Amino acid sequence: MINLLLAFFSIISIISAYMIILSVNSVYSILYMLLVFLSSSSILFLLECEFIALMFLIVYIGAIAILFLFIVMMLDLKFATIKTSIFKYVPFAFIVGIVLLFEILNIIYQNFTFTPYVNSEIFNNNYINWFDKIDYITELEAVGQVLYTHYVLQFLIAGYILLLAVLCPVILVLNTNKQVQSQIFFKQLSRNYKNAIIKIN
Amino acid sequence: MISTVITLKEMTLFPELFLGISIIYIFIYGTFISYSTNQYPLIQSQVCHLGILTLVLVFILLISDNLLFFEEQSTFNDSISSDFLSFCSKLFILFFSSVSLLIIKQNLIDQKINNFEYIIILLLSILGMLILCSANDLVTAYLAIELQTLAFYTLAAFKKNSAFSAEAGLKYFVLGSLASGFFLFGSSFLYGITGSTNFEDFKDLFFWVVPGSIAYMNFEKFLATLNKEIYLQIFSDLGCSNEGFANLLNNQDLAIVLQQIQHEIYSNETKAYYAILNEALITELNSVNNIPAISDNYSLKFTDHNETPSISIIECQQNILKLFVLLDIIKFEKELQLTHLHNLAMYSDNDIRDMFCR
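Top line first, the protein sequences correspond to chains X and P. In case it helps, the working numbering puts the first sequence at residues 22 to 222. In case it helps, the working numbering puts the second sequence at residues 491 to 848.
Source of the hints: derived by calculation from the structure; they are not laboratory data. Warning: the hint list may mix true and false statements.
For lysine-lysine, the following DSS-like pairs were computed, each having C-alpha atoms within a straight-line distance of at most 27 Å [to be verified]:
1. X:Lys199 - P:Lys693
2. P:Lys650 - P:Lys693
3. X:Lys99 - P:Lys602
4. X:Lys199 - X:Lys215
5. P:Lys661 - X:Lys199
Which chain P residues face chain X? A few, computed with CB under 10 Å, are given here [stated by the list, open to error]:
6. Gln563
7. Phe566
8. Leu637
9. Thr644
10. Ala647
Remember, predicted model here, so these are calculated numbers, not experimental data. Quick reminder that beta carbons are idealized off the backbone N, C-alpha and C, glycines included.
All chains, please: the whole structure from these sequences, using the hints.
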């Protein structure tokens, strides 16, 4: 079951990594990057490294992806259409790709070997970790045991900081003046390029 | 039944707890009153009065809670220390902030600032300041600093129809975030060198930065918790018997002892503390050269401003003893290591001589 999930998330991460460079819209590529981070975080959860998985979510998705998103939305990039055909680049890209693939395969084949005992019908490969049966807690439980006992005060202060972080943007942005705030959705949705005004200089 | 009850005396953050809860109450009251109808009633002067009342009540709590402020307590896993300095600074902060709220109340009405959240943000920043006063840990200090400055970022950018206000808020925010980054950078260095973020541990580990800081260090209770046998073993290994330091009256003997400590420091078990022990050793070695040859060991020498400051032998001996103590902790009591070092502060110097120099 875990192998299935591992394969599933790996496939999602590879495909979305490929789509980052393929997609024309910049915001889509950032969303695919977000999907890469999410799937690698899920893989880490499966491997029982919950702390690093949560750090991925907090730091990569919560800070870095948001930064990229804001920058791309600020820059207002148009759809870029490549006029030259893509087959011009195939020979050189093929060479570079083969070189990099050779590097990776070299490392893998030097550090891993094939075991003859994996799918054996005679030997039993499911060993039991006896110590885990006596004394086992996950990393997340360990973090919780320390965070909510020794560091409760810091946790509650962080809660107050989050309260401020929710309150302040609302104060800075909320405009209760109804005349400024009008958005008529039907007008916005029924815009065509024929109806819109285009400046031609 | 419950045999032990947590008394208010041991709840060192009771004023802050009250302030935090009353902020939430004022917040709920303000939200329900001012956003409930389509008419947005003005409650600014009410909320201002509520804020002043809250601060006065916190002030009263602080005073009544700390009539026994001579007891220095440290709670919340040694991250909050409530001593005389924190008490006085909180008094100062609360008194002047309540007075300032009184002063700005009419200005808020004149400037037509009708958001009741102004007071909420001010109170939250005061909460951050109060926690910062009694912080004993780098993490608590950072969180309190962030709470306080986040509130002020918003207050700087409060006026929405003024471009100056937006520019001020943005500049303050960017500079403040940079400063927080530097703070975290430095505290990560301190954690990497010492292994702890507690100010008590820093006090114990960096005592040698100011030679002659013997005035702040006492040794009694701490020595009571240690293994005296191991201590005497160290002393006998290094050639100091029960007479101990009474024999070390020459500079040369002190230097020999320090070199023997040097051998112990550069062993495998104390590898993690090379940085600190090395620095401490070097300053002590340097200070040995500054000891004038004297027979009177009991007084500090007051020097002229032109001469290099010299310390007396007794101070050097005590600093060497502190080095021993550190080594002992690191080598023999690894599981305690840094968490019990704050007891080092409780000892007086005369007992060292009583225990080891008969």
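Consistency of the hints with the structure:
{"no.": "1", "hint": "X:Lys199 - P:Lys693", "verdict": "violated, 58 Å"}
{"no.": "2", "hint": "P:Lys650 - P:Lys693", "verdict": "violated, 46 Å"}
{"no.": "3", "hint": "X:Lys99 - P:Lys602", "verdict": "violated, 43 Å"}
{"no.": "4", "hint": "X:Lys199 - X:Lys215", "verdict": "violated, 30 Å"}
{"no.": "5", "hint": "P:Lys661 - X:Lys199", "verdict": "violated, 30 Å"}
{"no.": "6", "hint": "Gln563", "verdict": "violated, 14 Å"}
{"no.": "7", "hint": "Phe566", "verdict": "holds, 5 Å"}
{"no.": "8", "hint": "Leu637", "verdict": "holds, 5 Å"}
{"no.": "9", "hint": "Thr644", "verdict": "holds, 4 Å"}
{"no.": "10", "hint": "Ala647", "verdict": "holds, 6 Å"}
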